[in-house]
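Chains as they are written, first to last, in numbering that gives the first Met the number 0: chain A, 0 to 386; chain B, 0 to 386; chain C, 0 to 127.
Because the hints were derived from the structure by calculation, they are not lab data. Where hints are given, some of them may not hold.
From the structure, some residues in chain A lie toward chain B, with a derived Cβ separation under 10 Å [unchecked claim]: (1) LYS26; (2) SER34; (3) GLY71; (4) THR72; (5) ASP75; (6) SER97; (7) HIS101; (8) LEU104; (9) ALA107; (10) LEU127; (11) SER199; (12) CYS318.
Among the chain A residues that face chain B by a calculated CB cut under 8 Å, a handful are [what the hints assert, rightly or not]: (13) PRO12; (14) MET21; (15) TYR39; (16) ALA102; (17) THR138; (18) GLY226; (19) PRO241; (20) GLN255.
From a predicted model like this one, the values you see are computed outputs, not experimental measurements. Just so it is clear, CB atoms sit at the ideal spot from N, CA and C, and this is done for glycine as well.
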Amino acid sequence: MRRVYLDHSATTPVRPEVLDAMLPFLKDEAFGNPSTIYSYGREAKKALDEARAKVASLIGARPEEIFFTSGGTEADNLALIGTAAANEKKGRHIITSSIEHHAVLHTAQYLMRHGFKVTFLPVTPEGLVRVEDVEEAITDETILISVMHVNNEVGTIQPIKEIGHLARERGIIFHTDAVQSVGKIPVNVDELNVDLLSASSHKIYGPKGVGCLYIRKGTRINPILHGGAQERKRRPGTENMPGIIGFGRAAELAGQELPAEMERLQALRDKLIDGIMSRIEDVQLNGDREKRVATNANFSFRYVEGESLLLSLDMKGICASSGSACTSGSLDPSHVLLAMGIPHEVAHGSVRMTLGRDNTEADIDYVLEVMPEIVARLRSMSPLYNR
Amino acid sequence: MRRVYLDHSATTPVRPEVLDAMLPFLKDEAFGNPSTIYSYGREAKKALDEARAKVASLIGARPEEIFFTSGGTEADNLALIGTAAANEKKGRHIITSSIEHHAVLHTAQYLMRHGFKVTFLPVTPEGLVRVEDVEEAITDETILISVMHVNNEVGTIQPIKEIGHLARERGIIFHTDAVQSVGKIPVNVDELNVDLLSASSHKIYGPKGVGCLYIRKGTRINPILHGGAQERKRRPGTENMPGIIGFGRAAELAGQELPAEMERLQALRDKLIDGIMSRIEDVQLNGDREKRVATNANFSFRYVEGESLLLSLDMKGICASSGSACTSGSLDPSHVLLAMGIPHEVAHGSVRMTLGRDNTEADIDYVLEVMPEIVARLRSMSPLYNR
Amino acid sequence: MSRVYSEKVMDHFTNPRNVGEIENASGVGEVGNPVCGDIMRLYIQVEDGIIKDVKFKTFGCGAAIATSSMVTEMVKGKTIEEALQITNKAVAEALDGLPAQKMHCSNLAADALHKAIEDFQNKSKKAS
Ligand SMILES: Cc1ncc(COP(=O)(O)O)c(C=O)c1O
Ligand SMILES: Cc1ncc(COP(=O)(O)O)c(C=O)c1O
Ligand code: FES
Ligand code: FES
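Make a model of the complete structure from these sequences and hints.
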């Protein structure tokens with residue numbers, strides 16, 4: 000059976016070139032601890048610095064502004080909790096959006112339980128944060144604004160540059176969760192006016208379990224983990240050498256291939272979106288049509304439940320994901336779709352398909368071929384559907 | 000030149016069998032995200048559960064009591080901060096020792112800055128915590144005792160079972176940092192009477208960047224990172240699949256080989272200790288001679304400075320580490336040696352050699368051959384030495 | 000699929016039995032799962048106290064569809080009394096079990112059946 004992976008926003012496979020770069024660090028050739036002074040250690044330190052420079056270069060930062068973490072989640076936690084702790088004397092108000100990833104949302108809620116006030120900005124029906132809303136939400140107490148660059152579910156590209164401009168004018172630290180934008184669209188920390196930026200390796204064909212927080216020089220932030228002096232005392236623990244080296248190599252390759260790959264994937268995405276919309280009735284595209292990352296398509300099929308759809312797709316070898324409550328194990332459907340004002344029952348029938356390096360035009364043709372039958376079959380079983 | 004690695008307590012190389020187990024997760028064969036429902040994801044979930052069972056088995060725990068983290072440091076932070084946060088209504092007093100790893104020590108200091116009282120227990124000149132001291136330190140306010148199992152610098156094995164017994168009697172949560180004991184001596188969470196136990200993969204020939212906290216069922220503890228629902232809501236973030244799989248395999252092998260390897264290494268260690276003590280003057284063994292992990296030797300050479308010694312050893316292909324201030328980048332020599340009452344100038348001349356799988360008797364012979372010359376040369380340059 | 004869901008669940012999801020509606024059914028039961036928003040509608044045709052025919056329509060996850068299909072199989076040909084004995088647990092067991100987080104889905108099926116029987120009984124009372 001044909002296998003079509005359309006869940007690249009969940010995770011990506013490690014590229015062979017990335018594995019090659021990691022292998023010496025998974026053998027006894029180069030296993031040193033970069034904090035030690037003898038030869039093994041020095042080799043490790045050098046490799047660590049090179050990886051740092053590669054990641055920095057992908058986002059227009061300086062190497063010493065990159066702090067490796069165990070992933071996007073830890074980077075988000077460090078950004079929010081670390082900034083809150085270091086700046087609470089200045090104020091205890093934080094602004095974020097209602098469509099952030101749980102790594103930001105749940106961290107903001109944790110801070111609320113610890114005496115911080117948090118504004119969760121609404122979004123437009125297309126899933127966009129309005130700059131005016133950010134502006135209105137700012138008070139004298141505001142110490143941090145955190146708005147994601149690209150949303151992981153509906154792929155919307157947020158007005159980060161404009162929000163960053165506002166934050167800078169008001170002297171407020173600005174964080175963006177760029178886990179879904181880095182490597183997929185051009186990201187430059189100076190152009191975007193951000194002070195803090197989270198990225199994750201496994202979304203760009205690097206290994207899982209490693210990510211980083213970019214911290215602009217001079218930004219006041221406390222560590223959230225305590226221990227050794229690694230990562231210039233901002234993130235303790237023996238460095239995940241193979242992971243970091245892999246992340247570095249993945250970042251390097253992503254940077255080289257970005258322009259061409261973005262164009263290619265955008266064409267595939269448009270073919271997918273147009274194909275689904277024209278072949279199937281009662282379907283809507285979620286998220287903005289234009290301000291959208293090249294890799295994301297997210298549909299709601301009326302009268303159909305998301306998990307059933309995913310199961311049916313899986314039986315045809317297609318991997319996708321869904322914002323349905325039945326899939327997530329949580330009680331509510333996607334908070335992102337709900338924040339966009341999409342009714343429960345429509346959100347329930349949503350499917351996200353996210354494209355990546357391995358997808359071809361034939362993959363899209365295949366999806367467009369099997370999707371109508373699958374939807375029709377499920378609708379024929381649905382008590383809500385009667386045509 | 001011969002290369003002799005004697006820093007296994009700092010880190011170990013990944014074993015080939017461990018790499019083999021990891022490889023499918025570093026290729027596009029098995030890259031799924033275990034939280035997703037389609038086939039790739041389910042394969043990942045199964046492998047994750049298997050690794051969890053292997054780690055659990057090494058320490059006599061149940062699989063559902065193992066929570067994977069990014070390493071020993073995060074596990075220690077989770078144990079201390081998580082327990083403090085969940086139990087602060089009961090009391091705000093914590094007992095630990097003065098010879099803990101920085102991951103515990105600095106975390107305890109962080110908690111002190113946040114309103115907790117911390118008792119840092121003294122140790123005997125041999126580097127042992129006294130059970131009576133623990134008993135005396137307990138107050139009605141005590142919510143947590145954290146004492147490491149094996150010390151990373153001097154290899155002393157602490158009376159964990161007895162402290163655990165005490166803690167259980169008094170209804171106090173008991174954590175042990177077992178990063179240096181797991182895989183080296185038998186560890187059983189029930190025999191040791193511990194509620195929480197930290198372990199780290201890269202100390203047992205697994206990959207860096209992964210570890211775990213054992214949490215006894217029913218122990219009150221809050222997460223310290225916030226985000227997705229992974230690790231049964233106690234540790235969010237996409238799982239470090241290759242790392243976890245590697246850790247699992249490393250734990251399995253460590254368990255199988257432990258009895259034989261412990262005997263072998265103990266013989267090598269004794270040869271090393273006896274050899275050094277008999278060949279070189281003005282040298283002392285730091286740490287207890289009997290209650291000592293099979294892999295550790297730690298000497299202080301009077302009139303010699305640790306970093307010079309390490310560099311000289313490195314030039315002979317021998318990797319070791321030191322408790323010297325000059326090595327660590329901090330201003331003070333090892334807090335462990337100082338807590339044992341060893342004077343600054345003696346601590347300064349300390350060298351730790353930690354044995355592992357790759358070491359042979361010939362390695363020890365080599366060290367015993369070159370060490371006397373090195374020490375003699377450095378002493379001949381020392382203004383403190385005059386014989 | 001067989002690792003989240005048993006083979007039986009997948010079989011009933013892929014080839015659901017008795018999908019559809021019964022015109023002028025003796026009884027119709029509809030339940031919604033307030034937890035996830037799913038809906039199941041079950042139709043029964045009763046003759047001489049025996050459930051001669053049964054059909055369902057379900058909007059829901061794999062487990063919801065499979066339990067719906069399974070309950071229709073279990074009930075066909077049974078008397079009303081026997082049908083009333085069928086529990087949510089029995090349906091889940093007949094499917095070789097459901098994942099823990101999916102147990103609430105199986106609550107749809109037997110509930111819908113019992114509601115359909117109730118509807119039938121109410122209708123018969125009114126008729127007599
Ligand atoms: C937008 C966003 N932020 C944060 C994360 C968390 O990253 P990680 O899985 O590396 O912890 C993800 C992915 O899961 C994401 O999509
Ligand atoms: C006793 C002890 N605890 C904790 C740690 C930290 O473990 P990791 O390097 O995996 O963060 C180490 C090793 O560095 C250690 O020796
Ligand atoms: S019916 Fe919604 S989770 Fe199954
Ligand atoms: S003399 Fe150089 S750091 Fe000690």
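Verification of the hints:
1. LYS26: 7 Å, holds
2. SER34: 8 Å, holds
3. GLY71: 7 Å, holds
4. THR72: 4 Å, holds
5. ASP75: 7 Å, holds
6. SER97: Hint violated; A:SER97 Cβ to chain B Cβ min 16 Å, cut 10 Å.
7. HIS101: With a minimum Cβ separation of about 5 Å from chain B (threshold 10 Å), the hint on A:HIS101 holds.
8. LEU104: Holds - the Cβ of A:LEU104 comes within 10 Å of chain B, reaching about 8 Å at its closest.
9. ALA107: 8 Å, holds
10. LEU127: 23 Å, violated
11. SER199: 8 Å, holds
12. CYS318: This interface hint holds because 4 Å falls under the 10 Å limit.
13. PRO12: Constraint on A:PRO12 satisfied, holds at 4 Å.
14. MET21: Because about 7 Å separates A:MET21 from the closest Cβ in chain B, which is inside the 8 Å limit, the hint holds.
15. TYR39: 6 Å, holds
16. ALA102: 4 Å, holds
17. THR138: 24 Å, violated
18. GLY226: Holds. Min distance 4 Å.
19. PRO241: A:PRO241 check passes; min Cβ-Cβ to chain B is 6 Å, inside 8 Å.
20. GLN255: Because about 20 Å separates A:GLN255 from the closest Cβ in chain B, which is outside the 8 Å limit, the hint is violated.
Hints 6, 10, 17, 20 from the earlier list are contradicted by this structure; the remaining hints agree with it.
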